[in-house]
Amino acid sequence: MLGLGVDRLQADINRLLTSLFHQGVLDEQFLQLQQLQDDTSPTFVYDVINIYFDESEKLLRSLRLLLMDREFSDYKKIGLHLNQLVGSSSSIGARRVRNVCVAFRSASELNNRPGCLRGLEVVEHEYHYLKNMMHELFQLEQQRLLAAGVRYPM
Amino acid sequence: MTKEIADEVPNLAESKLTALVVDDNFVNQTMHHKLLDRLGIRNDVVCNGQEAVDVHCSGRNYDLILMDMEMPILNGIQATKRLREMGIESKIAGVTTRANEGDKKEFMEAGLNDFQEKPLTISKLLSILHRLDFYVQT
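As they're listed, the protein sequences go chains V and S.
One point on numbering: in full-length UniProt numbering, the residue at position 7 of the first sequence is 7, and numbering is uninterrupted.
One point on numbering: in full-length UniProt numbering, the residue at position 82 of the second sequence is 82, and numbering is uninterrupted.
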């Protein structure tokens, strides 16, 4: 009976992932990331996603500081930050974040400050949605591992 | 699923290939390092083209270099030119998320042996290895 908990949690994980793929939040590159997890690095997905979160938040903070400056004119720097975000989002399969970063980058290439501000808001929104979903996924995975560690009574 | 992939992915450890990952993005560094590890290829990671040059100046050498294009201090194009000027004959594969035809041409002309668009996957990496004669696909 205890195994049902594991099965139910696995079903919840599968449902969440299916939904995220269906919404376009994730793409097949996320599967590539999962496939790299193995016995030698059993928390690889979690580790890489956390690196992504750390790096992305630094970049988003920097972008916000740049754009909030009334004297701002360094669109090249905006572009460099966005190249980083596009690259890392692509690598983990964060498709929607990647796509809105590309749109934001187009605004920066036109030196369009209002466009950049809108772009930043959209990127922040998509990023936070992704982060919340990833936290939910990791919580379910953690619960599944704990449930799987419970032994059937003899 | 992981076991199925493990069964399909070749282990090239016996070939004793070595590689250098040159990328300023920590996510990509981690992914590319792991991709190479999975194939049994020992590899080091540096953060930009200048570090790639420095590591070669220190006497290290690699069979394969995965070179990102856009990096601070010394970008992939400049680093590739510098390494070729130094006489480094390693196979260099340029990898980037963003390259129009002009950028790709300039990168190739700097001295690349191959080019691949990110994000890298196991199959893309195997394609690079196959095209550079490190691996025979069966």
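I should point out that these hints are in silico values taken from the structure, not numbers from a laboratory.
Computed from a predicted structure; not experimentally measured.
Worth double-checking, as some hints may not be accurate.
[Said to hold, decoys possible] Covered, in the sense of this in silico footprint (three residues per stretch, anywhere, with C-beta under 8 Å from a C-beta of chain S), are these stretches of chain V:
#, stretch
1, 37-51
2, 89-96
3, 138-149
Beta carbons are placed, not taken as given, at the ideal position from N, Cα and C, and that holds for glycine.
Against the structure, the hints:
Restraint check on the stretch 37-51 of chain V versus chain S: 8 residues with Cβ-Cβ distances below 8 Å, three needed, restraint holds. Counting residues of the stretch 89-96 of chain V whose CB lies closer than 8 Å to any CB of chain S gives 4, which reaches the minimum of 3, so the coverage claim holds. With 0 residues bearing a CB less than 8 Å from a CB of chain S, the stretch 138-149 of chain V misses the requirement of three and the coverage assertion fails.
Against the hints set out earlier in the document, a violation occurs for number 3 only.
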